[in-house]
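Student: So the chains spell out like this:
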Amino acid sequence: MSDRLLVSTRKGLFTVMRNGGHWDISGVDFLGDNVTLTLTDSRDGKSYAALDHGHFGVKLHRSTANGWEEIAGPAYPPKPEGYEEKDMWGREINWSTNKIWALAAGGPDEPGTIWCGTLPGGLFRSNDHGQSWEMMRTLWDHPLRKKWAGGGADLPGIHSICVDPRNAKQVSIAVSTGGIWHTADGGKSWTQRGEGMRAEYMPPEQAHEPNAQDVHCLAQCRAAPQRMWVQHHNGIFVSSDEGKTFTEIKDVQPSVFGFPVAVHPKEPDTAWFVPEIKDEKRIPREGKLAVTRTRDGGKSFEVLSKGLPQSHAYDVVYRHALALDDPGDRLAIGSTTGGLWVSEDQGDSWACVSHTLPPIYAVRFA
Amino acid sequence: MAKVVFTPNVQRHVGCPTAEAGGTTVREVLEKVFADNPQARGYVLDDQSALRRHMTIFVDGQMIRDRAHLADPVKASSTIHVFQALSGG
Numbered sequence: 030m031s032d033r034l035l036v037s038t039r040k041g042l043f044t045v046m047r048n049g050g051h052w053d054i055s056g057v058d059f060l061g062d063n064v065t066l067t068l069t070d071s072r073d074g075k076s077y078a079a080l081d082h083g084h085f086g087v088k089l090h091r092s093t094a095n096g097w098e099e100i101a102g103p104a105y106p107p108k109p110e111g112y113e114e115k116d117m118w119g120r121e122i123n124w125s126t127n128k129i130w131a132l133a134a135g136g137p138d139e140p141g142t143i144w145c146g147t148l149p150g151g152l153f154r155s156n157d158h159g160q161s162w163e164m165m166r167t168l169w170d171h172p173l174r175k176k177w178a179g180g181g182a183d184l185p186g187i188h189s190i191c192v193d194p195r196n197a198k199q200v201s202i203a204v205s206t207g208g209i210w211h212t213a214d215g216g217k218s219w220t221q222r223g224e225g226m227r228a229e230y231m232p233p234e235q236a237h238e239p240n241a242q243d244v245h246c247l248a249q250c251r252a253a254p255q256r257m258w259v260q261h262h263n264g265i266f267v268s269s270d271e272g273k274t275f276t277e278i279k280d281v282q283p284s285v286f287g288f289p290v291a292v293h294p295k296e297p298d299t300a301w302f303v304p305e306i307k308d309e310k311r312i313p314r315e316g317k318l319a320v321t322r323t324r325d326g327g328k329s330f331e332v333l334s335k336g337l338p339q340s341h342a343y344d345v346v347y348r349h350a351l352a353l354d355d356p357g358d359r360l361a362i363g364s365t366t367g368g369l370w371v372s373e374d375q376g377d378s379w380a381c382v383s384h385t386l387p388p389i390y391a392v393r394f395a
Numbered sequence: 051m052a053k054v055v056f057t058p059n060v061q062r063h064v065g066c067p068t069a070e071a072g073g074t075t076v077r078e079v080l081e082k083v084f085a086d087n088p089q090a091r092g093y094v095l096d097d098q099s100a101l102r103r104h105m106t107i108f109v110d111g112q113m114i115r116d117r118a119h120l121a122d123p124v125k126a127s128s129t130i131h132v133f134q135a136l137s138g139g
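Chains as they are written, first to last, in our numbering: chain A, 30 to 395; chain B, 51 to 139.
Treat the hints as calculated values from the structure; they're not laboratory data.
The beta-carbon is built from N, C-alpha and C at its ideal position, and this holds for glycine as well.
Certain hints may be false.
[Said to hold, decoys possible] Label-pair restraints from in silico Cβ distances:
| # | chain 1 | residue 1 | chain 2 | residue 2 | range |
| --- | --- | --- | --- | --- | --- |
| 1 | B | 53 | A | 166 | 38 to 46 Å |
| 2 | A | 237 | B | 85 | 46 to 54 Å |
| 3 | A | 166 | B | 89 | 21 to 29 Å |
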């Protein structure tokens, strides 16, 4: 069981601890600054925090015995002189870290290896606890990468990184928008995956194009890595072959739209979602915040709302703001309107920690 | 030697004391300052060594024109102000 949460918000990084059965805010770091994501590496206990200072750019910090230290962030290579790459509006794409959108620890046999996904689409790896970073040119230079597009942002970005627990050289990532990509050799080569997903926002003849899929979040089961779950822009999809092919789960109430998904570490058929009215509104249906849970691989879903606000709630839970602890019993969600809730019974009931935090971007057990 | 003054708002993230350095362009002067203060470089310049989108630089009161290469000329008596642009909020 994890008794500690790191909550990344628009105005600081809040630490929430369980004390005597209650979850309370015990501290705040970077108060006033925009903290977008954290990673706590279970292999060595180090935490990483991504900050976006706006004017001054994106920075990465690492925990020390006495607080935090700024370390090197992922940096894009020099753009070749005369090389042009433009976005869908014809504007030049700046090869510069615009946002850190994914942080993941490498395998148990790779101490110090950290993966980092960014906007505008660069994937980076560090083998020295974030002291230095190498861009995956094999992916960046792939011709299909240039067809990635923005999803909710002007620029495309890598938001999900799943390191296969059986073999850390096998890594799957998800892109908004650019579908799912997989390496079986530690990044030497990449192939597109994700057949079977469907994009409502594309012309019919391109609806099943894997590179056009707006995956909002990708999750892989630790004990059964062949099982992957996707919360997509227009649906929920499940895979039983490591993301090669997906089946759409339809008719999920109250909605199939949302941002995050979490899968139980030992039960591949158990997954959680946070539904919102699709996609032009993005608010909880009827102002009732709820989490949905399937225990049977998507055949049925329970709507879990005990302890969550059920009147005039307009909380949106972003893709990194649903957390599941290591044993798979405790969950936490954080919302755009500063609400934070914890469940100790797999979502059956929830307790509010605060509803006055700054906008929450990410929640992680640590 | 040109004088380089940084916005006070950056100081809580990374110390950027007023510095002096020689050079005939903004690039030459700033790179000398950043050689002594490498952490400050990424707060002002992006991954392509261009001026960050919501930063501005003034040379003797004039906003520079070449944000990509920082080729605007600098005199030995110049003062360079590295500021935040209001476009960044």
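Student: Taking the hints in turn, state whether each one holds.
Tutor: Hint by hint, here is what the structure shows:
no., hint, verdict
1, B:53 / A:166: 38 to 46 Å, "41 Å, holds"
2, A:237 / B:85: 46 to 54 Å, "53 Å, holds"
3, A:166 / B:89: 21 to 29 Å, "26 Å, holds"
Checked against the numbered hints given earlier, this structure breaks none of them.
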